[in-house]
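Here's the letter readout for the chains.
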Amino acid sequence: MKKHFYSSIITTDSLHIALESLEVSQEEKEHLEMLVDSSLYHTILNAILSELSESDKRLFLEQLLSENDDEILSFLSKKIDHIEDKIKTAADSLIEELHKDIEETKKK
Amino acid sequence: MQWFGKKTKTHYEKLSEKWVKRHVAIQENLWKKHGKVLQEIRDKTKQYAISSLAGMLLLLSPATQIKGADIKTVKEAPVVPDLPKQSQFLIDLATVVPQQVRELSPQEEGQIAQVLSQYTGMKVSAELGGIRLNRTYGFIGKEQHLARYPGDTMATHFDNPDDAATFAEAGMAPGLGGWGYFTTNGQFTQEDALREKYYIAVQTFLAPGYADNVRKYSEFFRWRKMLVVNPQNGKALVADIGDAGPAVWTGKQLGGSPEVMNYLQRVDGAQRGPVLYFFIDDPQNNIPLGPVQL
Numbered sequence: 001m002k003k004h005f006y007s008s009i010i011t012t013d014s015l016h017i018a019l020e021s022l023e024v025s026q027e028e029k030e031h032l033e034m035l036v037d038s039s040l041y042h043t044i045l046n047a048i049l050s051e052l053s054e055s056d057k058r059l060f061l062e063q064l065l066s067e068n069d070d071e072i073l074s075f076l077s078k079k080i081d082h083i084e085d086k087i088k089t090a091a092d093s094l095i096e097e098l099h100k101d102i103e104e105t106k107k108k
Numbered sequence: 001m002q003w004f005g006k007k008t009k010t011h012y013e014k015l016s017e018k019w020v021k022r023h024v025a026i027q028e029n030l031w032k033k034h035g036k037v038l039q040e041i042r043d044k045t046k047q048y049a050i051s052s053l054a055g056m057l058l059l060l061s062p063a064t065q066i067k068g069a070d071i072k073t074v075k076e077a078p079v080v081p082d083l084p085k086q087s088q089f090l091i092d093l094a095t096v097v098p099q100q101v102r103e104l105s106p107q108e109e110g111q112i113a114q115v116l117s118q119y120t121g122m123k124v125s126a127e128l129g130g131i132r133l134n135r136t137y138g139f140i141g142k143e144q145h146l147a148r149y150p151g152d153t154m155a156t157h158f159d160n161p162d163d164a165a166t167f168a169e170a171g172m173a174p175g176l177g178g179w180g181y182f183t184t185n186g187q188f189t190q191e192d193a194l195r196e197k198y199y200i201a202v203q204t205f206l207a208p209g210y211a212d213n214v215r216k217y218s219e220f221f222r223w224r225k226m227l228v229v230n231p232q233n234g235k236a237l238v239a240d241i242g243d244a245g246p247a248v249w250t251g252k253q254l255g256g257s258p259e260v261m262n263y264l265q266r267v268d269g270a271q272r273g274p275v276l277y278f279f280i281d282d283p284q285n286n287i288p289l290g291p292v293q294l
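Line order of the protein sequences matches chains A and B. Be aware that the first sequence starts at 1, since it is given in our numbering, and climbs by one per residue. Be aware that the second sequence starts at 1, since it is given in our numbering, and climbs by one per residue.
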């Protein structure tokens with residue numbers, strides 16, 4: 001999985017383990033992991049952007065382009081109270097849904 | 001012999017179908033709420049170097065198709081060398097395919113053809129021999145099976161029980177394909193079987209210049225090979241033009257055989273989605289029909 005500025009805050013290990021329990025090839029697993037990665041990324045972006053003013057949204061996205069993870073988190077912590085909790089909450093909610101999907105897949 | 005049992009979907013098929021839909025919904029929600037500022041940043045990516053594009057890769061991929069950096073820079077160095085080729089393909093596509101499903105500009109078509117050619121190793125283009133279709137990016141609908149030879153029915157149409165179980169429910173169209181039966185000099189060959197299996201219907205009648213050159217265009221389009229790609233999952237296959245359609249009022253720009261739709265993971269109706277479709281230059285008929293492994 002690609003490292004992101006929020007990689008120190010959230011973990012998707014449980015999803016990787018759950019995917020191991022499915023009958024999928026390595027290539028299929030990689031595609032599913034990519035969907036997890038990208039879905040989380042967009043979910044977290046949405047959660048962050050929803051907390052920022054228009055001008056701060058621009059600054060944040062420009063920092064995202066720089067790929068300087070420390071700067072991004074430093075910027076966000078100044079602009080949003082409890083930013084780490086908010087990222088974690090958004091991510092955990094999605095991860096829970098994805099776990100449910102995996103369980104349903106196994107049942108059918 | 002008839003096979004009409006229901007094929008069980010694999011874990012991957014079930015989960016990827018669900019997660020692709022979820023992913024598209026998440027991206028659409030993001031763009032709905034923050035589209036203005038994302039659009040500004042998208043435009044700015046044109047000024048950034050390769051590393052910046054890498055930073056944006058997930059913002060752009062895999063189900064959001066917004067264009068950004070010049071594709072030339074993408075070719076000069078791998079954007080994310082640690083990703084599998086399929087994922088890399090999706091990312092590169094995302095930089096050149098617009099989010100809105102619409103007619104592409106010649107520049108966009110050129111960039112997309114370059115990406116498709118690069119990954120498939122085929123010579124792919126929007127125009128071939130001075131002929132082009134009305135569109136190269138549009139919504140695809142599900143067609144029925146076509147009779148391949150006189151007497152071909154749903155009972156004779158499938159090679160094995162699995163295919164019958166999966167594809168029989170689509171049924172057979174009451175009429176023939178745009179070029180009649182799928183036979184060669186009166187004989188039904190293996191290649192003919194693949195032509196029907198992987199056929200698409202395109203709006204030949206809307207091709208620029210068609211009305212003035214009906215015969216020439218009809219000969220050109222008959223079983224012409226096209227690369228069809230789902231830009232939201234990177235699945236690609238070599239199809240052939242087996243029919244003309246769909247009608248303009250349907251809001252769809254092309255149709256795919258049940259097998260084409262199944263492979264690309266596209267569905268009809270409210271959940272319909274877009275595909276890219278470009279001509280393949282294959283004068284020696286060396287490129288096989290069917291799924292393309294990147």
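Bear in mind the hints are in silico, worked out from the structure with no lab data behind them. It is possible that some hints are incorrect.
Once the Cα atoms are required to be at most 27 Å apart in a straight line, the calculated DSSO-like pairs of lysine-lysine come out as [stated by the list, open to error]:
1. B:LYS33 / A:LYS107
2. B:LYS33 / A:LYS3
3. B:LYS18 / A:LYS107
4. A:LYS79 / B:LYS9
5. A:LYS79 / B:LYS36
6. B:LYS21 / B:LYS9
7. B:LYS18 / A:LYS100
8. B:LYS235 / B:LYS21
9. A:LYS100 / A:LYS3
Hint-by-hint comparison with the structure:
With a CA separation close to 35 Å, the supplied pair LYS33 of chain B and LYS107 of chain A exceeds the 27 Å bound. The hinted pair formed by LYS33 of chain B and LYS3 of chain A meets the criterion: a straight-line CA distance of about 25 Å does not exceed 27 Å. Between LYS18 of chain B and LYS107 of chain A the alpha-carbon distance is near 15 Å, which keeps this suggested pair within the 27 Å criterion. Restraint check: the Cα-Cα separation between LYS79 of chain A and LYS9 of chain B comes to about 47 Å, which exceeds 27 Å; the hinted pair is violated.
About 20 Å separates the Cα atoms of LYS79 of chain A and LYS36 of chain B, which keeps this hinted pair within 27 Å; it holds. For the given pair, LYS21 of chain B sits about 17 Å from LYS9 of chain B by alpha-carbon distance, which is consistent with the 27 Å threshold. A C-alpha spacing of about 11 Å is found between LYS18 of chain B and LYS100 of chain A, which places the hinted pair at or below 27 Å, so the restraint holds. A hinted pair counts as satisfied when its Cα atoms are at most 27 Å apart, and LYS235 of chain B with LYS21 of chain B qualifies at roughly 15 Å.
In summary, the hint linking LYS100 of chain A to LYS3 of chain A is supported, as the alpha carbons are separated by about 25 Å, within the 27 Å threshold.
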